[in-house]
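Participant: Use these hints to put chain B onto chain A, whose structure you have.
In the order they appear, the protein sequences are chains A and B. Going left to right, the first sequence walks through residues 1 to 358 as the working numbering numbers them. Going left to right, the second sequence walks through residues 1 to 261 as the working numbering numbers them.
A couple of the hints might just be wrong.
[Stated by the list, open to error] Derived coverage of chain A by chain B (criterion: at least 3 residues anywhere in the stretch with Cβ under 8 angstroms from a Cβ of chain B; other residues may be distant): (1) 204–218; (2) 227–241; (3) 292–303.
Keep in mind the hints are simulated off the structure, nothing from the lab. All C-beta atoms in this analysis are idealised placements derived from N, C-alpha and C, irrespective of residue type, glycine included.
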Amino acid sequence: MSGTGEHGPDVSLPEGAEERSRAPHRVIGTPPPAEERTLLGTAGADTPPPAPRELPADPEDMAGAKRAERIVAALFILSMLAGIGFIAAYIGLPVGHSLVRVLRSNLALGTSMGVAFLALAVGAVIWVRRLMPDVERTEDRHPMRSPEPDREAFVETFREGADTSQFVKRPILRRTLIAASIPLGLAPIVLFRDLGPLPGTTLRHTVWRKGLRLTIAATNTPIRPADFDSPGGMITVIPEGYQDNDDEIAKAAVIIIKFEPGQLKHPTNLNWTVDNIVAYSKICTHVGCPVALYEQTTHHILCPCHQSTFDATQGATVLFGPANRPLPQLPMGTDSEGYLVALSDFKEPVGPSFWERG
Amino acid sequence: MRRRPIAGYAVVLLGLIGIGGTYAALTAHGSPASAAGNAANPQQIAQGRTLFVQNCSSCHGLMAQGTATGPSLIGVGAAAVYFQVSTGRMPAKELEAEMARKPPVFNDEQTRAIAAYIQALGGGPAIPSAAQVSTAGADPGLGQELFTENCSQCHNFVGAGGALTYGKYAPALTASTPTQIYTAMQTGPEAMPVFNDGTITPSQKRDIIAYVTQTRSEPNPGGFSLGRIGPVTEGLVAWIGGIGALILASMWITAKRRSHR
Numbered sequence: 001m002s003g004t005g006e007h008g009p010d011v012s013l014p015e016g017a018e019e020r021s022r023a024p025h026r027v028i029g030t031p032p033p034a035e036e037r038t039l040l041g042t043a044g045a046d047t048p049p050p051a052p053r054e055l056p057a058d059p060e061d062m063a064g065a066k067r068a069e070r071i072v073a074a075l076f077i078l079s080m081l082a083g084i085g086f087i088a089a090y091i092g093l094p095v096g097h098s099l100v101r102v103l104r105s106n107l108a109l110g111t112s113m114g115v116a117f118l119a120l121a122v123g124a125v126i127w128v129r130r131l132m133p134d135v136e137r138t139e140d141r142h143p144m145r146s147p148e149p150d151r152e153a154f155v156e157t158f159r160e161g162a163d164t165s166q167f168v169k170r171p172i173l174r175r176t177l178i179a180a181s182i183p184l185g186l187a188p189i190v191l192f193r194d195l196g197p198l199p200g201t202t203l204r205h206t207v208w209r210k211g212l213r214l215t216i217a218a219t220n221t222p223i224r225p226a227d228f229d230s231p232g233g234m235i236t237v238i239p240e241g242y243q244d245n246d247d248e249i250a251k252a253a254v255i256i257i258k259f260e261p262g263q264l265k266h267p268t269n270l271n272w273t274v275d276n277i278v279a280y281s282k283i284c285t286h287v288g289c290p291v292a293l294y295e296q297t298t299h300h301i302l303c304p305c306h307q308s309t310f311d312a313t314q315g316a317t318v319l320f321g322p323a324n325r326p327l328p329q330l331p332m333g334t335d336s337e338g339y340l341v342a343l344s345d346f347k348e349p350v351g352p353s354f355w356e357r358g
Numbered sequence: 001m002r003r004r005p006i007a008g009y010a011v012v013l014l015g016l017i018g019i020g021g022t023y024a025a026l027t028a029h030g031s032p033a034s035a036a037g038n039a040a041n042p043q044q045i046a047q048g049r050t051l052f053v054q055n056c057s058s059c060h061g062l063m064a065q066g067t068a069t070g071p072s073l074i075g076v077g078a079a080a081v082y083f084q085v086s087t088g089r090m091p092a093k094e095l096e097a098e099m100a101r102k103p104p105v106f107n108d109e110q111t112r113a114i115a116a117y118i119q120a121l122g123g124g125p126a127i128p129s130a131a132q133v134s135t136a137g138a139d140p141g142l143g144q145e146l147f148t149e150n151c152s153q154c155h156n157f158v159g160a161g162g163a164l165t166y167g168k169y170a171p172a173l174t175a176s177t178p179t180q181i182y183t184a185m186q187t188g189p190e191a192m193p194v195f196n197d198g199t200i201t202p203s204q205k206r207d208i209i210a211y212v213t214q215t216r217s218e219p220n221p222g223g224f225s226l227g228r229i230g231p232v233t234e235g236l237v238a239w240i241g242g243i244g245a246l247i248l249a250s251m252w253i254t255a256k257r258r259s260h261r
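So here's chain B without its partners, still in its complex pose:
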C-alpha cells in the first residue's frame, strides 16, 4: 500500500488545525482557569520558570530576588508581569527613563506562564478574567469622572499621554487592551500610582476601561484630531496655518496688478 504524497500535507494540516483548535478552546475559557490555576498548575509554573531563567534572570536574579539593575519581583503578582510582558516593555533591551511599549516578545501562553511562576513565588494581584475586564454594562460616565480626577493629569483627558519628569512620560492609552489597563491600575507600573480595589472597585475599574476605550471611537468633528492634546496643536495650526493664509491673502489683495500695456 503506497501512500499518496498529498497524505503528508493532510496530516500536517490536520495537526495544525488540532493545535489551533485546542489553543483557541484553551484561551477562550482560559482566563478564569488561569486565574484559578495560577497556583495549581505545576506544568505552567515550570514553563514560566524556564522562560524566566532564560530571559529575565540576568536583571531580576535567578530567584526573582532582584539585582542592582532590576527590582525584586517577589510579591508583585501575575498582574504586574502580564502588564509588563504583554505590552512588550519587558524584557527590556536597555535601561531607559521610561520603558516604551513595543511588540511583545512572548505570546499569551508564555506570558501567562511567566506570570504564574512569579505569582507562585510571592502572591500578589492576579490577572483579571475576561469577565472582570468586560465593558458590557459598564458606566463610562462614572468612568470619565474617575479618569478626570485621578488619571487625566498624566494621561491627558482622552488618554493621549503626556510628559513627566526627567524623560519619563505617561504613555498614550490608545493601544492598551482592557486587561492591560486593568493590570496597570492594579499594580502601578513604573511611576504610575497604584489604584487598588479598596479605593477604585473592580466595577469602577471596568467603568474607567469603558471610558478609555469609548473615547477612541468618538468622532473628530472637523476631520482632524490634531493628536487630541488640546490647545497646543490647535494653536499651532491656527497660528501657522490660519495666520499664514491671512498674510498670503492680504499680500494678494494689495499686490500690484500686472500691467497688460
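Just chain A, with the same shape it has in the complex:
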C-alpha cells in the first residue's frame, strides 16, 4: 500500500465496514485487521485532512442501553460500597499481636479491595461494549523530521549558547566541570562493594570444634550414647550454645542415627562413630535443603526437595538423585562426662558444591 495520494486516510465508515466484511472471520481475542497498513505517516502538506466521520449519537436499542446503564451504575455502586468496606475493615479489624486476626484482616482487606477493583473494571468494560459506539478510526502520524527552518534555528541557538556561556573560551571551567563529574560517575560502581564481603573461607568451616557437645535441636540437651540406645532412632542435633545463631546452625545442623551392631560399613569412618551412632551433616550436598527423611527399614536418607537419596550405612554415599557428594560425616566421640562431642570440624565443606571447592 502506498498510502500516498488519493487513497490516503480517506476512510469512511461504509468502506471500512465493507473491507472488514471481506476479511476472514475474526478470531475472538485477536486485534481487528488494520485498515491502513502504513507504519509511518506520509510527509507533505498535500495530504488532505481526514474527513470528519459520523459517530452515531445514540445507540439504536434504547431499551438495551437503558438496561446496560443500570447494570453499570449498579456495579459502580458495588465498587463504592466495597471501597467503603475496605476502610471499615481496616478500622474495624485491628490486628494486634494475633496471627489469626492478621489473617482475617488480610482476608477482609483483600476481598473488599478485589471486589472494588473488579466491579469498577467490569462496569467500565460493559459501558464500553454496550453504550459506546463501535467505530474504528485511523489517524496518520505526523512527519518525524522537523521542517528545515526549525532545524537551522536550533543549530543557531545551540552555537549561540556555546559562545555566550564561554564554555569554549574558558577551558579551566570546562575541565574542572568534567573533573567534578568523574567521581560522581564512579560512585555507583563503588557501591557494589556492599554486595560483599566475599565469603572467604567461611564456606569451608562450621562452628564444630574439638570438645563441642552435640545437643538436641529445640530442647538443647546434651546426649549420652546410653540415652540414644534404640536402633532405628534418628534425631536432629546442633552445636551446644548455638541455638540462637541461625546463620551458624544453617551450616552446622547434624542428624545422628543409631544402628544395630555391624550395620555400619565402609566407607563410613567407624573411628568417628560411638556405639553404632553416626553423625552426618543435615545440609544436602545438592542445593542445601535439610535432609532428614530417614527410613529406618532401608537406611536411606532422603532429601525432600529433589529426592537425592543417601545410604546411611555406607558413609551417606549417594544412591540416587542430583546430589553428587556424600553427606559429610562429623568426627564424633565422647567427653569425660560421657556426652557426645565433636572431635573436630567437618573434614570437608558441608552443603552445596561451589566453584573453588575443587
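Facilitator: Same frame as chain A, now just chain B:
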C-alpha cells in the same frame, strides 16, 4: 405366676447396661491398670494369645518368632502392637509397600489383650496411660519446634503426610489419636525412625502431640485448606483457576460486540 413378655426384654436390657457400665468403668481407669497389669493378668494374656494364634500367626509364627512374610514380634512391646492393630494396619490383607490405615479389626479390649501377650513374650515399650498422652498443660510451641526439626520432613509441617521411596509414604496424622502418635514415636513403625525417651522425653512427646492435634483446629483463612500441602496445590489453583479466569476475562473484553443492526 406368669411372666410378662416384656420381662425378657427388661432382662436383656439390664444385662446390656451392666456390660456397658462394666466396660466403661474398666476402660475409664483401664489404661494405667493395663500398663501395670500387662505382665500380671494371665487371663488377658491368654485371650491375647488366642487372638494372636487365630489372626496373626500365619505371618508372624505361632510363637511370634517371625516367618519369611512377617517379622519376629519378640521384644517389640505392647506399644508397637497397639499402634499397628488400633490403626487397622494389622492384621494386613496383603503385603504392600506401605500398610495403609484402615478401620481396626479388633476392639480396644482385644487390641490390649494381643498387646499384653506380645509384651509378656519379650518386653519392650508399654502402652502409655491416658495421663501420659494427655495434652493438658503441654507446650505446643516446643512441640512445633521438635516436630519441625524431626518430623516435618516426612509428615509435612502440619502433619498432612508425604511421599517416601518405592511406594512408601509418611501417612497423614489427621486421624491419629494421641496414643497412636505416642506409640508411633516410641516404636518407629515401618520406615519411621524411633524417637526413644532418652532423646525426646515423655513430656516432650506430649508437646508434639499437642502441636499435631492443635494444628487440626487451626482455621484456614480464605476458606480453603487446599490439602495444607503448601505451594503445590496453591500454585495449581493459581495457574488453572486464576490464569484461566484472566484469559476468559481478556477474551470477553476484546470480543466483538454483537451487532444490533
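Participant: Determine for every hint whether it applies to the structure shown.
Facilitator: Taking the hints in turn, this is what the structure says about them:
1. 204–218: holds (count 3)
2. 227–241: holds (count 10)
3. 292–303: holds (count 9)
The structure fails none of the hints (numbered hints given earlier).
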